[in-house]
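So the protein lines, in turn, are chains P and S. Heads up, the first sequence is in this note's numbering, so the first residue is 203 and it goes up one at a time. Heads up, the second sequence is in this note's numbering, so the first residue is 101 and it goes up one at a time.
Treat the hints as calculated values from the structure; they're not laboratory data. Note that the Cβ used here is the ideal one computed from N, Cα and C, for glycine as well. You may find that some hints are simply not true.
Unchecked claim - Taking beta-carbon pairs under 8 Å as the criterion, some of the chain S residues facing chain P (in silico):
#, residue
1, R324
2, T325
3, K326
4, L327
5, E330
6, A333
7, N337
8, D339
9, A340
10, Y343
11, A344
12, G345
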Amino acid sequence: MTPAIELIHIDKRFGAVHANKDVSLSIGQGSIHGIIGENGAGKSTLMSILFGFYAADSGEIKVRGKPIKIKSSSDAIAHGIGMVHQHFMLVDPFTVLENVVLGVEGGALIGPALTKARSELKRLAEEYEMDVEPDAIVGELPVGLQQRVEILKALYKGAEVLILDEPTGVLTPDEADHLFRILGTLRDQGKTVILITHKLREIMAITDHVSVMRRGEVVANLETKNTSVGELAEAMVGRSVLLHVEKSKASPGDVVLEVKNVTWRDRKNIARVDDVSFTVRRGEIVGIAGVSGNGQSELLDCIAGITTPSTGDIIFEGKSIGHLGDPRHLRQEGLAHVPEDRQHRGLITAFDASESAILGWQFEDELGKGFRLNRDLVIANCKKEMQDFDVRPSDPLLRSGKFSGGNQQKIILAREMSSNPDLLIVGQPTRGVDIGAIEFIHKRLIALRDQGKAILLVSVELDEIRSLSDRIIVMFAGRIMGERDANATERDIGLLMAGVQKDAA
Amino acid sequence: MSQRGDLPTWVDVGLIPLLNLLLALAAASVVFLLINENPIECLGIMIKGAVGSLKGWSYLLYYATNFIFTGLCVAVAFHAGLFNIGGEGQAYFAGLGAAIVGLNLEFLPWPIVIPLSIIASVLFGAFWGLVPGYLQAKRGSHIVITTIMFNFIASSLMVYLINYWFRPIGKMAVESREVTGAYILSFREIARQFFDYKYPASPLNLTVFLAFFVAWAVWYFLWRTKLGYEIRAVGLNQDAAVYAGIKPQRIIMIAMAVSGGLAGLVAVNEVLGAQHRLLLEYVQGAGFVGIAVALMGRNHPIGIVLAAMLFGLLYQGGTELSFAKQHINRDMVVVIQGLIILFMGALENAFRPYLTALFFKADD
Numbered sequence: 203m204t205p206a207i208e209l210i211h212i213d214k215r216f217g218a219v220h221a222n223k224d225v226s227l228s229i230g231q232g233s234i235h236g237i238i239g240e241n242g243a244g245k246s247t248l249m250s251i252l253f254g255f256y257a258a259d260s261g262e263i264k265v266r267g268k269p270i271k272i273k274s275s276s277d278a279i280a281h282g283i284g285m286v287h288q289h290f291m292l293v294d295p296f297t298v299l300e301n302v303v304l305g306v307e308g309g310a311l312i313g314p315a316l317t318k319a320r321s322e323l324k325r326l327a328e329e330y331e332m333d334v335e336p337d338a339i340v341g342e343l344p345v346g347l348q349q350r351v352e353i354l355k356a357l358y359k360g361a362e363v364l365i366l367d368e369p370t371g372v373l374t375p376d377e378a379d380h381l382f383r384i385l386g387t388l389r390d391q392g393k394t395v396i397l398i399t400h401k402l403r404e405i406m407a408i409t410d411h412v413s414v415m416r417r418g419e420v421v422a423n424l425e426t427k428n429t430s431v432g433e434l435a436e437a438m439v440g441r442s443v444l445l446h447v448e449k450s451k452a453s454p455g456d457v458v459l460e461v462k463n464v465t466w467r468d469r470k471n472i473a474r475v476d477d478v479s480f481t482v483r484r485g486e487i488v489g490i491a492g493v494s495g496n497g498q499s500e501l502l503d504c505i506a507g508i509t510t511p512s513t514g515d516i517i518f519e520g521k522s523i524g525h526l527g528d529p530r531h532l533r534q535e536g537l538a539h540v541p542e543d544r545q546h547r548g549l550i551t552a553f554d555a556s557e558s559a560i561l562g563w564q565f566e567d568e569l570g571k572g573f574r575l576n577r578d579l580v581i582a583n584c585k586k587e588m589q590d591f592d593v594r595p596s597d598p599l600l601r602s603g604k605f606s607g608g609n610q611q612k613i614i615l616a617r618e619m620s621s622n623p624d625l626l627i628v629g630q631p632t633r634g635v636d637i638g639a640i641e642f643i644h645k646r647l648i649a650l651r652d653q654g655k656a657i658l659l660v661s662v663e664l665d666e667i668r669s670l671s672d673r674i675i676v677m678f679a680g681r682i683m684g685e686r687d688a689n690a691t692e693r694d695i696g697l698l699m700a701g702v703q704k705d706a707a
Numbered sequence: 101m102s103q104r105g106d107l108p109t110w111v112d113v114g115l116i117p118l119l120n121l122l123l124a125l126a127a128a129s130v131v132f133l134l135i136n137e138n139p140i141e142c143l144g145i146m147i148k149g150a151v152g153s154l155k156g157w158s159y160l161l162y163y164a165t166n167f168i169f170t171g172l173c174v175a176v177a178f179h180a181g182l183f184n185i186g187g188e189g190q191a192y193f194a195g196l197g198a199a200i201v202g203l204n205l206e207f208l209p210w211p212i213v214i215p216l217s218i219i220a221s222v223l224f225g226a227f228w229g230l231v232p233g234y235l236q237a238k239r240g241s242h243i244v245i246t247t248i249m250f251n252f253i254a255s256s257l258m259v260y261l262i263n264y265w266f267r268p269i270g271k272m273a274v275e276s277r278e279v280t281g282a283y284i285l286s287f288r289e290i291a292r293q294f295f296d297y298k299y300p301a302s303p304l305n306l307t308v309f310l311a312f313f314v315a316w317a318v319w320y321f322l323w324r325t326k327l328g329y330e331i332r333a334v335g336l337n338q339d340a341a342v343y344a345g346i347k348p349q350r351i352i353m354i355a356m357a358v359s360g361g362l363a364g365l366v367a368v369n370e371v372l373g374a375q376h377r378l379l380l381e382y383v384q385g386a387g388f389v390g391i392a393v394a395l396m397g398r399n400h401p402i403g404i405v406l407a408a409m410l411f412g413l414l415y416q417g418g419t420e421l422s423f424a425k426q427h428i429n430r431d432m433v434v435v436i437q438g439l440i441i442l443f444m445g446a447l448e449n450a451f452r453p454y455l456t457a458l459f460f461k462a463d464d
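Here chain P stands alone, though its shape is the one from the complex (with noise of 0.2 Å):
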């Protein structure tokens, strides 16, 4: 059979970044290709120039045996590409209907394309099981639904082949069961689907072949049901990695943290955080499990100090701090943040990596006496904080935002670290990390944790939670759904992410 695509020597430099060398892709119709990779690896470069955000230096696309031109996503599209971005490309204010037709609607009044739309969903929801109220406003939808317009506006646009980039990011584990379920029926019907994750699991779930990418380059196509998770994690780190946290029991101390029914209400005065209460002590990671945007981000800036709880307390070594609103005090009080966002938050890219290297701690008499700051001191300290953090390249002058993911989190977590808190609170320490960093930051989590410091993790990772965590608090809406020990089963945890309370009353 005539593969539904085929990539055929690619090669795209961005200056002097090699993105894609070579690179040769052929991806069987009717069948679920995942593509993994760590960041940086090329992945989204080389689907983007499938779907023609991007033009290739040099190769060639083959769709269903012909060769094409793709110069924009308009002819992707019209070739039968469709894609759904980690980021969705929806109009918020728009109704389910008003979206899928946005691009297509054939010609001045929108009545006939959205009558013609609406009995297409109907079918297409039939068809791939796929149930949204047409006239919802996408804004209001859970994420999961959100994304299932996404691949119904590509369905609907004529997409034969799909390529989904890091889907699973944003949704519960249930979620992502129902996702798959989808991709699956899509395949049965005979779409081709394109899978880009970083996540091993979910390609060893539903993929037929999985390719793997490292620095640029295919290093291995591989039938799925014949590779394991430790063989496709080699190949693409290039080195076998430790995928489990060696760690010893902790011996938790005093208690540093409380955190006393805390509630934080926003704007429209919907209570964010609800009532949510629990304690973290000298040598144990507390960690925070739950799908993002269901009240952690929000917790983490009111103990930061970045806002205020609405109602309710937060007592760090013995004072009340709730109120202050103050992070540079708590920063001296040795409190110390990992934000969730490094981009926004945790650097400033436009600033060299020695000035973001002192972010938050610009005031400090170590960095120059009284109002000046000593350009010497500020570089000599981010080159010792990049020696022991591993940096690379290990450049103070270069831009914070030149340097890859996982560079970018050492040199925040080294600036943390360094400042030797009693209590660091990270958030999403691994996101968009690769493998090798994700394995030296965990180490070196578990190190602090071993020296009696306390550790509040939030992340959406549950694999993370699990294997650093020496007890997990599990969110859902703003609450806290309950609290488990570390030997806690994923399934039970992932059932409580999804707000169904086993034990309640």
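Please build the complex by placing chain S on the supplied structure of chain P, with the hints as guidance.
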């Protein structure tokens, strides 16, 4: 992964601006041709008029002094993420400070009066910047709108004050009496008093040294102090700044006050140094030229000094040109300025893709 390769620094700060300048001059040549003038001759007159004599240089530096101050004013606000269009009004209002101190304390010796007047200029300018800064920080009133409006307020207020407060009774011209204590700033006066030398008549005065010093001070402030770091952090990424415990509202007010204070130094050059009196509309658009200067100088003090001198050259050269050629008036200079701003500011990156392609092709 960067979208495009990085060009070597010398191309970035040397070759590209030079190409843009040449392109602007080429476009200006077309305009000269359209009015039947020889562009090479005209450009020659302009350049010779500005840098061909001590007098030319004096005027060039005098104009550049104003532009350095207003360029730095725009740059400091820009680094805090604010677009201060109010340099004109801040500079104008600062004249009030210079005049009040200069006129009322003239019984004191000049080494005391002049520093006090400078401080008063800075404080009055800073105040006129701080008010929009406060409105932005605390009330969310957009800084662009408020600073524009404050230009008009300053303009009307100053007309009133100069006419009813400062104009000596019986005098026809709407201006204050002379600030006699500040004559000493003038180069001509210094040359006459201390060196017995006849310096050509020009408004150049010691403030030009203050301008160079302040340019260095602004660089030091932004890149070598903790407050400067915080200002840049707020300007680049407010979320990250909040995370770092920096209070953006406070920084916005500080940055606007500093910005206004820098514009206020124009009053030192004009009211104290050059005119020795408070005149109507004495800023003459320098506040707006500052925006172009900062844009061209990429908001860096070195770039601003260079851009300010280029604009000083255009002003002085343009004046000479309008003397030399009967049917060229100063509007022609405005056209050339506009072209330079267009090519070096708005079309700054027009050449970049081609140069990048050229460079990386050469690499392969």
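Hint check:
At its closest, the beta carbon of S:R324 sits 6 Å from a beta carbon of chain P; the interface hint therefore holds under the 8 Å criterion. Annotation: interface hint on S:T325 holds; nearest CB of chain P at approximately 5 Å, less than 8 Å. At a threshold of 8 Å, the smallest CB-CB gap from S:K326 to chain P is about 5 Å, leaving the interface hint in force. Residue-level restraint check for S:L327 holds (minimum Cβ-Cβ distance to chain P is 6 Å; threshold 8 Å).
At its closest, the beta carbon of S:E330 sits 7 Å from a beta carbon of chain P; the interface hint therefore holds under the 8 Å criterion. Proximity of S:A333 to chain P holds as hinted, the smallest CB-CB distance being about 6 Å (cut-off 8 Å). With a cut of 8 Å, the hint placing S:N337 at the interface with chain P holds, because the nearest CB-to-CB distance is about 5 Å. Using the Cβ-Cβ criterion of 8 Å, the hint placing S:D339 at the interface with chain P is satisfied: the shortest such distance is roughly 5 Å.
Taken as an interface hint, S:A340 checks out: its beta carbon lies about 5 Å from the nearest beta carbon of chain P, inside 8 Å. The beta carbon of S:Y343 comes within 4 Å of a beta carbon in chain P, closer than 8 Å, and the hint placing it at the interface holds. Among the interface hints, the one on S:A344 holds; its C-beta lies about 4 Å from the nearest C-beta in chain P, closer than the 8 Å criterion. Of the supplied interface hints, the one on S:G345 holds, with its beta-carbon coming within about 3 Å of a beta-carbon of chain P, less than 8 Å.
Violated hints for the displayed structure: none, as all numbered hints are satisfied.
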